[in-house]
Amino acid sequence: MSEKASILIVDDDEGLRKSLGLIIKEKSYRVETARTGQEALEKAWGKEINLALVDLKLPDMEGVNLIPTLKEMHPELAVIVTTGFASIETAIQALNKGASAYITKPLNMDELCAKVEEALEKQRLLAENKRLLLELQRELEERKLAEQERESLLTKLSEKNKELEQIIHITSHDLRSPLVNIQGFTRELDESFKQVYQIFDSKAVPSAVRKKLAPILDEDIPHAFQYILASSSKMDSLLSSLLRLSRLGRDILNIRRLDMNKLMSQVVSSFKFQIREAGVTVKVEELPPCHGDETQLNQVFSNLLDNALKFFDPDKSGRIRISGKAEKGQVTYCIEDNGIGIADKDRERIFEIFCRLNPAASAGEGLGLAIVRKILDRHGGKVWVESEPGKGSRFFVSLLTKEVTNDKK
Amino acid sequence: MTKNEVVLLIAEDDEGHASLIMKNLRRAGISNNMLLFKDGQETLSFLFQKGKGPHRMPGARYLLLLDIRMPRVDGVEVLRQIKQDSQLCRLPVIMITTTDDPREVENCHSLGCSNYITKPVDYDKFTRVIRQLGLFLLVVEVPRLDGNLET
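Chains Z and W supply the protein sequences, listed in that same order.
Quick note, the first sequence lines up with residues 16 to 424 if you use the numbering used here.
Quick note, the second sequence lines up with residues 366 to 516 if you use the numbering used here.
Calculated directly from the structure, the hints in this document are not laboratory data.
Just so you know, not all the hints are guaranteed correct.
With a Cα cut of at most 27 Å, we get these calculated DSS-like pairs of lysine-lysine [claimed, not checked]:
id: 1; chain 1: Z; residue 1: K137; chain 2: Z; residue 2: K19
id: 2; chain 1: Z; residue 1: K249; chain 2: W; residue 2: K388
id: 3; chain 1: Z; residue 1: K209; chain 2: W; residue 2: K388
As the structure is a computational prediction, the values presented were derived from the model and not from experiment.
My request is simple: use the sequences and hints to build the entire structure.
This is how it looks when you write it as structure tokens:
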């Protein structure tokens, strides 16, 4: 309590009031005095009173009965009762009504001062305690609110995410429908033209007409067909990938312990042809097991291996090394290549949807790494890359060894 | 009795798709009669002999090619109603869909469709599927649907 404490002396003995008042003032407390209970209530009204010294025999009432009313005005008030007629009963009564101490007259001033200080200290500690409790409560309340807010944001986010997946799903489905017609009827046209060619080849066509039609039939039309078909199949594969991506979010994960040596050898053998084509050596080291969905993790490592095979450096002999180590409840696998590498500025971008750094140089829709990241997100895992352009890339995949997933499904 | 008598019912809301399906069925050597329905409601009216449009003939053999996504009543609902009916449940139904959504495929199989094909944009694959379908039609014994349905 930084402010001076204020003490109310209630006693009908004027001499005692004055002498007590002086002694208390000396201890640098503020002092109010009252002769009667009524006066005490008037003095206490609307003022800061920390402690009351109440004589049990007052002209207008029993001091004991004054205590509850004073406490009502000042709930924190400390009360010390003084009396000339000490008895166990009155003492107990006074303490029951909320007095904190009981002193008999004639007053021993040292004892009194000690009791006053003790009572004030106790009061101060109680107040401090209460303040801390309130603060704690408020903090807890705030934390709870923050938690609730976080929860509701998470729910909203996952709803939005679902909505987005739904939109992707519907649009890619609806876009695919007209595409069936475009490509189907292009082929129908092609069939029709085959018949036209047959007629064209027959001798019935005059050579003047033949000369005019030749460049159209031999070049223009096949050229147009080629572009229409190539573009529509491109669009088809884009839409299929989008659909695959949108489905990933709702596939139910079947998380279990996986023998990664087995899984990786399946992945590698499914790329046997491409590996031989590219003349790349693939070395798979002993891999620790992890927990995950077999199909989805197969997809992850297939996509990563596919990338490593796609972006090898034609000027050197390609090498891919797959390794893994377990530590502190998680496993980290690494797919290392000595390919063309990835520039610093692209290192994050490559995981974005439809990102293709060099569309002319390779096939694909730019979804492979987006799918990898999405699968790992759902597994509570991570994927990142370290790379030096011209020297190669190292893709890391970390997964939990225990069955923990942040997926709500 | 030749299997040629089987009438192909094609429920497909996209006219282009329907036309491509029919052209390719013909090209694959399938000369059966074909009836086209532009949505699920029309299909149901025909099969359950309700409403104004054409109704199925008692004792005839049918095979239904059913698109999943259609306005008004979708293909899955049509399939469900067919398979719940004591007579119509014997009708072979081949689902045709634009996407090969595994959940949708599973759903249709659990409802009891006979086969499931995806409309591929890849024309060659599409033709192959249709040809397989043609083969299916030539090989499979399509049950005869009995007289009027109990109401």
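Evaluation of the provided hints:
1. Z/K137 <-> Z/K19: holds, 15 Å
2. Z/K249 <-> W/K388: Answer holds: Z/K249 to W/K388 is near 25 Å, not above 27 Å.
3. Z/K209 <-> W/K388: It holds: about 16 Å lies between the C-alpha atoms, which stays within 27 Å.
When the structure is compared with the earlier hints, no violation turns up for any of them.
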